[in-house]
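Asks: For the protein sequence lines, the chains are A and B, in the order given.
Quick note: the first sequence uses numbering that gives the first Met the number 0, first residue 0, plus one each step.
Quick note: the second sequence uses numbering that gives the first Met the number 0, first residue 0, plus one each step.
To be clear, the hints were calculated from the coordinates, so they are not data collected in a lab.
Treat the hints with care, since some could be wrong.
As the list claims (entries may be wrong) - Here are the computed distance ranges between Cβ atoms for each label pair: (1) A:Asn93 x B:Lys432: 51 to 57 Å; (2) A:Ala7 x B:Gly496: 22 to 28 Å; (3) B:Arg533 x A:Lys80: 45 to 51 Å; (4) B:Leu2 x A:Ser50: 24 to 30 Å.
The beta-carbon is built from N, C-alpha and C at its ideal position, and this holds for glycine as well.
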Amino acid sequence: MAITLTDAAVKHVRGFLDKRGKGEGLRLGVKTSGCSGLAYVLEVFEQADDSDVIFEFDEIKVAIDPKSLVYLDGTELDYRKEGLNEGFKFNNPNEQASCGCGESFTV
Amino acid sequence: MSLLQISEPGQSLTKPPRRRAAGIDLGTTHSLVATVRAGQALALSDDDGNVLLPSVVRYRQAQPVLVGSAALDGQIEDPLNTLSSVKRFMGRGLSEVDRLAQQLPYQFVAEGDEMPRIHTVAGDISPVQASAEILRVLAERAGTALGGELDGVVITVPAYFDDAQRQATSDAAKIAGLQVLRLLSEPTAAAVAYGLDQGAAGVHVVYDLGGGTFDVSVLRFSKGVFEVLATAGNSALGGDDLDRAIAEWMLAEAGFADDIGHADIRRVLALARQAKESLSDEEETRVELVLTDGRVWSALLSRSQCQQLIRPLIEQTLAPCRLALQDAGVALSEISEVLMVGGSTRVPLVRELVGEFFSCQPHIDIDPDKVVALGAAIQADILIGNKPDSDMLLLDVIPLSLGLETMGGLMEKVIPKNTTIPVVRAQEFTTYKDGQTALSIHVLQGERELIADNRSLARFELRGIPPMVAGSARIRVSFQVDADGLLSVSAREETEGVESHIQIKPSYGLTDDEVESMLRDSLTYAREDIDQRRLRERQLEADQTLEALAAALMTDGQRLLDDDERQQLTQAADVLRQLRAGDDEAALQQAIENLERESATFAQRRMDDSIRRALAGHDVNDFLSNDNA
Chain A
0 MAITLTDAAV KHVRGFLDKR GKGEGLRLGV KTSGCSGLAY VLEVFEQADD
50 SDVIFEFDEI KVAIDPKSLV YLDGTELDYR KEGLNEGFKF NNPNEQASCG
100 CGESFTV
Chain B
0 MSLLQISEPG QSLTKPPRRR AAGIDLGTTH SLVATVRAGQ ALALSDDDGN
50 VLLPSVVRYR QAQPVLVGSA ALDGQIEDPL NTLSSVKRFM GRGLSEVDRL
100 AQQLPYQFVA EGDEMPRIHT VAGDISPVQA SAEILRVLAE RAGTALGGEL
150 DGVVITVPAY FDDAQRQATS DAAKIAGLQV LRLLSEPTAA AVAYGLDQGA
200 AGVHVVYDLG GGTFDVSVLR FSKGVFEVLA TAGNSALGGD DLDRAIAEWM
250 LAEAGFADDI GHADIRRVLA LARQAKESLS DEEETRVELV LTDGRVWSAL
300 LSRSQCQQLI RPLIEQTLAP CRLALQDAGV ALSEISEVLM VGGSTRVPLV
350 RELVGEFFSC QPHIDIDPDK VVALGAAIQA DILIGNKPDS DMLLLDVIPL
400 SLGLETMGGL MEKVIPKNTT IPVVRAQEFT TYKDGQTALS IHVLQGEREL
450 IADNRSLARF ELRGIPPMVA GSARIRVSFQ VDADGLLSVS AREETEGVES
500 HIQIKPSYGL TDDEVESMLR DSLTYAREDI DQRRLRERQL EADQTLEALA
550 AALMTDGQRL LDDDERQQLT QAADVLRQLR AGDDEAALQQ AIENLERESA
600 TFAQRRMDDS IRRALAGHDV NDFLSNDNA
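Go ahead and model the full structure; you've got the sequences and the hints to work with.
Replies: Here is the structure:
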């Protein structure tokens, strides 16, 4: 099981961590929320849990807890600009539907 | 799926906590703080229930600073160390406040044009420091009410405050340990409190009669932005003057006129204020004056009597109103709303005269003492991020219009100044000539009509427009400014869909330092630049000479020159070729002249030869007849 980060995503994560000054890497995950069931978690982590699966992209560490990894397997994390907005986007092959507000998705 | 941002550890799992923000009205005579709770803006009071904090700071030797009502007594007891009305000195040099400074008891210490400091027992205090003390007390009050330190504040400043005065206000906040989300102009804050920002576009007047100052502002609201069109006022006219007028009348009536002390004057003034306030609701009131020496006087004061006393003062505010309208270029009929700000606008006569002047009913539904702070609180709540994005308003605006060059060197504005960002605006343009396949787009910033008078930001080209009759191509140019002020411009030809774009950062183009160093460089290196340019020109000349000689030798060298002559020329050419590689401009120049001299004979012979050949076998008459034909 694995995930990937696009170059743009790696660049922005690195930029974010540099600017923040501290932080081990990026945590990805899923949580229950929103109207369609699950929502993505995207945050910095200071210390990984023992159970976390750690991926590394160009020296950027990405931690995912094993339960989330099931939902995220095969996901590509991208960074893109859409009009005035820019941010990270999960391209998740497991995703069946996402809700209108964009907050949550189902697998 | 929406785009996500990286969160702090653990935060994306829970709802982000509500952040603490407050709005502060830092006034000349009074200050206050307000915040938004459960969607409602409300002013916060101190433990005694007072919302207004007198803007008075008393410095004491080796004792904590007193602020507010606690410092009021100091104005009489210890005038040298009790600072009031410091707002008038914010961001000003001593020369600017000289007149005012002479009326005050303070000992000013100043060097040059710096902001004056006031000498007190606790050291020399700048107006910024004194303001910081007031801000600190208010921030503490808000912190207690909100259950923690403030995350950010919006502080209001008069609309006419210049950069230095705004900077001083912002510095005061920094000293008080506050993060300023924005400085908001007082009339704009009042308009926000009245929800005018949710309403239709229009021109509004804010009439602000405070304790010691009078300001009137003309605002235009359109597309989510308040623009201050004009301000006017009188910095020495306020509610205190109304009190004084009534007090003088009382003393004259009682016959106590001149021989009373400080304490009695305060007593009379307080009584006058009371009378003024009760006459706002009642038709008449009884005034009872008891002096410290036991003298007593009592009388009935009717509203109409009181109005007679204060009428001339209130009428004085109408001239600035007229002036502001004139400056704004606005007619009375264009004004949609008139808002009343400042405690003195509670006086019915003020409302009556202002209503008459603007021929409309002025608004006073929101407590005029609090309205500015309430508006600031509403802004602070939005800026700190407690509201969903859809409620965003009064965003940053672009300071200068953005546009592009059109035929004839004119600037076509696409995004007018004062537009809130982020923003996207598009406009359609077309071709000027038949079969035009490219369009040059010149992006400009400024307010002038001719492009030469505006600032050029960038140029780019849109190519691949299908050939069409002039005016039939449809080229959509969109200007997009994101939240950081980053401008990108794109052009798209609608039929074929060819596209081109460019990104520019208008406000951060060049820093002042960079511009200065560029200018300095252009002077420092002016000599080098010219020398470089002359050498380059000389080298080009040498190249041309050598090329011409080589070509001539190739065709006529064998025929017209003997071996010696040929060798001499080749040598001179070699010398020139060598110097061409170096950077001695003078030697190069000489070598070129030398070669030209050496080759003069050769050139002469070639000329003669070609003439001879041209004439061979012809009679002069042939040429003449040709000419005549």
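Asks: It remains to establish, for every hint, whether it holds in the given structure.
Replies: To see whether the hints hold, each was checked on the structure:
| no. | hint | in the structure |
| --- | --- | --- |
| 1 | A:Asn93 x B:Lys432: 51 to 57 Å | holds, 56 Å |
| 2 | A:Ala7 x B:Gly496: 22 to 28 Å | holds, 25 Å |
| 3 | B:Arg533 x A:Lys80: 45 to 51 Å | holds, 49 Å |
| 4 | B:Leu2 x A:Ser50: 24 to 30 Å | holds, 29 Å |
Violation of the numbered hints given earlier is absent; every hint is satisfied by the structure.
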